[in-house]
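**Student:** Sequence:
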Amino acid sequence: MSPGTLKLEAPGALQMSLYFKRKHKINGDPCRLGKCQNSRPDPIVLITGANRGIGREIALNLAKAGLTVVMGCRDIPRSESVRKAIIKESGNTGVHLLQIDLCSMKSIRAFTESFSQKYERLDVLINNAGVFSSIREETQDGLEKTMAVNYFGPFLLTNLLLPMLIKSDDARIITIASDSYKGGEIDLNDLNMKKSKYRGFKAYSNSKLAMILFTLELAERLKDRGISVNAVHPGSAPTGIWPDERWYFRLLTLLIKPFMVSVAEAAQTPVFLAISEEARGITGCYFRNMKIKEIKGKGKDPFLKKKLWEHTERIVGIN
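According to the working numbering, the sequence shown is numbered sequentially starting from 684.
In case anyone wonders, no lab produced these hints; they're calculated from the structure. Positions of the beta carbon are idealized from the N, C-alpha and C atoms, including for glycine. There's no promise every hint is true.
Have a look at the derived ranges for each label pair, beta carbon to beta carbon [unchecked claim]:
{"no.": "1", "residue 1": "Ala768", "residue 2": "Asp852", "range": "29 to 37 Å"}
{"no.": "2", "residue 1": "Thr776", "residue 2": "Phe986", "range": "46 to 54 Å"}
{"no.": "3", "residue 1": "Ile818", "residue 2": "Ile1001", "range": "38 to 46 Å"}
{"no.": "4", "residue 1": "Lys767", "residue 2": "Glu996", "range": "34 to 42 Å"}
{"no.": "5", "residue 1": "Thr776", "residue 2": "Asp862", "range": "31 to 39 Å"}
{"no.": "6", "residue 1": "Asp862", "residue 2": "Arg819", "range": "22 to 30 Å"}
Cut-off 27 Å, straight-line C-alpha distance, at most; resulting in silico cross-link-like pairs (DSS-like, lysine-lysine) [said to hold, decoys possible]:
{"no.": "7", "residue 1": "Lys880", "residue 2": "Lys801"}
{"no.": "8", "residue 1": "Lys981", "residue 2": "Lys828"}
{"no.": "9", "residue 1": "Lys801", "residue 2": "Lys865"}
{"no.": "10", "residue 1": "Lys906", "residue 2": "Lys850"}
{"no.": "11", "residue 1": "Lys828", "residue 2": "Lys974"}
{"no.": "12", "residue 1": "Lys979", "residue 2": "Lys990"}
{"no.": "13", "residue 1": "Lys878", "residue 2": "Lys983"}
{"no.": "14", "residue 1": "Lys878", "residue 2": "Lys976"}
{"no.": "15", "residue 1": "Lys789", "residue 2": "Lys801"}
{"no.": "16", "residue 1": "Lys789", "residue 2": "Lys877"}
{"no.": "17", "residue 1": "Lys789", "residue 2": "Lys865"}
{"no.": "18", "residue 1": "Lys865", "residue 2": "Lys850"}
{"no.": "19", "residue 1": "Lys878", "residue 2": "Lys990"}
{"no.": "20", "residue 1": "Lys767", "residue 2": "Lys865"}
{"no.": "21", "residue 1": "Lys885", "residue 2": "Lys979"}
{"no.": "22", "residue 1": "Lys906", "residue 2": "Lys974"}
{"no.": "23", "residue 1": "Lys828", "residue 2": "Lys771"}
{"no.": "24", "residue 1": "Lys801", "residue 2": "Lys878"}
{"no.": "25", "residue 1": "Lys906", "residue 2": "Lys990"}
{"no.": "26", "residue 1": "Lys865", "residue 2": "Lys828"}
{"no.": "27", "residue 1": "Lys878", "residue 2": "Lys789"}
{"no.": "28", "residue 1": "Lys981", "residue 2": "Lys880"}
{"no.": "29", "residue 1": "Lys906", "residue 2": "Lys989"}
{"no.": "30", "residue 1": "Lys828", "residue 2": "Lys906"}
{"no.": "31", "residue 1": "Lys989", "residue 2": "Lys767"}
{"no.": "32", "residue 1": "Lys885", "residue 2": "Lys976"}
{"no.": "33", "residue 1": "Lys878", "residue 2": "Lys828"}
{"no.": "34", "residue 1": "Lys990", "residue 2": "Lys885"}
{"no.": "35", "residue 1": "Lys880", "residue 2": "Lys865"}
{"no.": "36", "residue 1": "Lys885", "residue 2": "Lys983"}
{"no.": "37", "residue 1": "Lys801", "residue 2": "Lys767"}
The whole structure should be built from the sequences, with the hints applied where relevant.
**Tutor:** What follows is the structure in structure tokens.
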């Protein structure tokens, strides 16, 4: 389905939208909300960074809808308490936890191997985990941390999980992006910001622009495989991603707080894309507030997205 054919004014979609605005979470009959979109048993969803913020809220909503939820998290002891809380709140015992550190290519490869041994397929992949760093840090692989967690890691994870996604009859890949991509720049010769002056917001914007380009290129590559690929701007929410050790970050948080959406509101669009029948077949789009938004500037550069893909393949070591 092309962007132009999506009609959010249609009765079903409008009902879904109004429902989310009223409740901010999934309750009631899961079939009404899209769980029963096809005959497959027990849809399986993987959410990275599902132990807090938007990721936790998405996990809770999808658990309430009856899906098997796999939480991909770095800190297992801390995340285990969250898993138990989600089971208690949702009444769904099919909430599981697997360790993954998106800073580490080795960890990502180990995770995908473990996942493929435990599950027969993957229906929904939500690349949610993200970081913001005010200082330049490098991972054990020699990658700049913000780009590693927000882009290189999800790129590798998604590609390694494609064999599992292909086994699904309605696979969906959802990337949590940000409107900050508009301020990003991609220097193919300096993706890890070794040559340019490091600035936290610039690195974050660059990583989100990279994810937009990745989403579009992946959607094009998978258009004949029945896998939907979309990106989402969830809105600015109090997720704790911004560091508070410096006075100007505390001031910034204070200034933008009145304009923030709740974590529950931020989770609405990812949940909609994950389970709604209305979203079936839609691919290569950028969503905000349950609607498709035009991608602007460098985010729609056809040459850049292909070149970035080629550079990234070499960096993460896949073909």
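**Student:** Would you mind marking each hint as holding or not holding in the structure?
**Tutor:** To see whether the hints hold, each was checked on the structure:
{"no.": "1", "hint": "Ala768 with Asp852: 29 to 37 Å", "in the structure": "holds (32 Å)"}
{"no.": "2", "hint": "Thr776 with Phe986: 46 to 54 Å", "in the structure": "holds (48 Å)"}
{"no.": "3", "hint": "Ile818 with Ile1001: 38 to 46 Å", "in the structure": "violated (29 Å)"}
{"no.": "4", "hint": "Lys767 with Glu996: 34 to 42 Å", "in the structure": "holds (39 Å)"}
{"no.": "5", "hint": "Thr776 with Asp862: 31 to 39 Å", "in the structure": "holds (37 Å)"}
{"no.": "6", "hint": "Asp862 with Arg819: 22 to 30 Å", "in the structure": "holds (24 Å)"}
{"no.": "7", "hint": "Lys880 with Lys801", "in the structure": "violated (44 Å)"}
{"no.": "8", "hint": "Lys981 with Lys828", "in the structure": "holds (22 Å)"}
{"no.": "9", "hint": "Lys801 with Lys865", "in the structure": "violated (39 Å)"}
{"no.": "10", "hint": "Lys906 with Lys850", "in the structure": "holds (15 Å)"}
{"no.": "11", "hint": "Lys828 with Lys974", "in the structure": "violated (31 Å)"}
{"no.": "12", "hint": "Lys979 with Lys990", "in the structure": "holds (18 Å)"}
{"no.": "13", "hint": "Lys878 with Lys983", "in the structure": "holds (25 Å)"}
{"no.": "14", "hint": "Lys878 with Lys976", "in the structure": "violated (33 Å)"}
{"no.": "15", "hint": "Lys789 with Lys801", "in the structure": "holds (19 Å)"}
{"no.": "16", "hint": "Lys789 with Lys877", "in the structure": "holds (22 Å)"}
{"no.": "17", "hint": "Lys789 with Lys865", "in the structure": "violated (31 Å)"}
{"no.": "18", "hint": "Lys865 with Lys850", "in the structure": "violated (35 Å)"}
{"no.": "19", "hint": "Lys878 with Lys990", "in the structure": "holds (19 Å)"}
{"no.": "20", "hint": "Lys767 with Lys865", "in the structure": "violated (38 Å)"}
{"no.": "21", "hint": "Lys885 with Lys979", "in the structure": "holds (17 Å)"}
{"no.": "22", "hint": "Lys906 with Lys974", "in the structure": "holds (21 Å)"}
{"no.": "23", "hint": "Lys828 with Lys771", "in the structure": "violated (34 Å)"}
{"no.": "24", "hint": "Lys801 with Lys878", "in the structure": "violated (42 Å)"}
{"no.": "25", "hint": "Lys906 with Lys990", "in the structure": "holds (19 Å)"}
{"no.": "26", "hint": "Lys865 with Lys828", "in the structure": "holds (20 Å)"}
{"no.": "27", "hint": "Lys878 with Lys789", "in the structure": "holds (26 Å)"}
{"no.": "28", "hint": "Lys981 with Lys880", "in the structure": "holds (21 Å)"}
{"no.": "29", "hint": "Lys906 with Lys989", "in the structure": "holds (15 Å)"}
{"no.": "30", "hint": "Lys828 with Lys906", "in the structure": "violated (31 Å)"}
{"no.": "31", "hint": "Lys989 with Lys767", "in the structure": "violated (42 Å)"}
{"no.": "32", "hint": "Lys885 with Lys976", "in the structure": "holds (22 Å)"}
{"no.": "33", "hint": "Lys878 with Lys828", "in the structure": "holds (15 Å)"}
{"no.": "34", "hint": "Lys990 with Lys885", "in the structure": "holds (20 Å)"}
{"no.": "35", "hint": "Lys880 with Lys865", "in the structure": "holds (19 Å)"}
{"no.": "36", "hint": "Lys885 with Lys983", "in the structure": "holds (19 Å)"}
{"no.": "37", "hint": "Lys801 with Lys767", "in the structure": "holds (20 Å)"}
Taken one by one, the earlier hints fail for this structure at numbers 3, 7, 9, 11, 14, 17, 18, 20, 23, 24, 30, 31, listed in ascending order.
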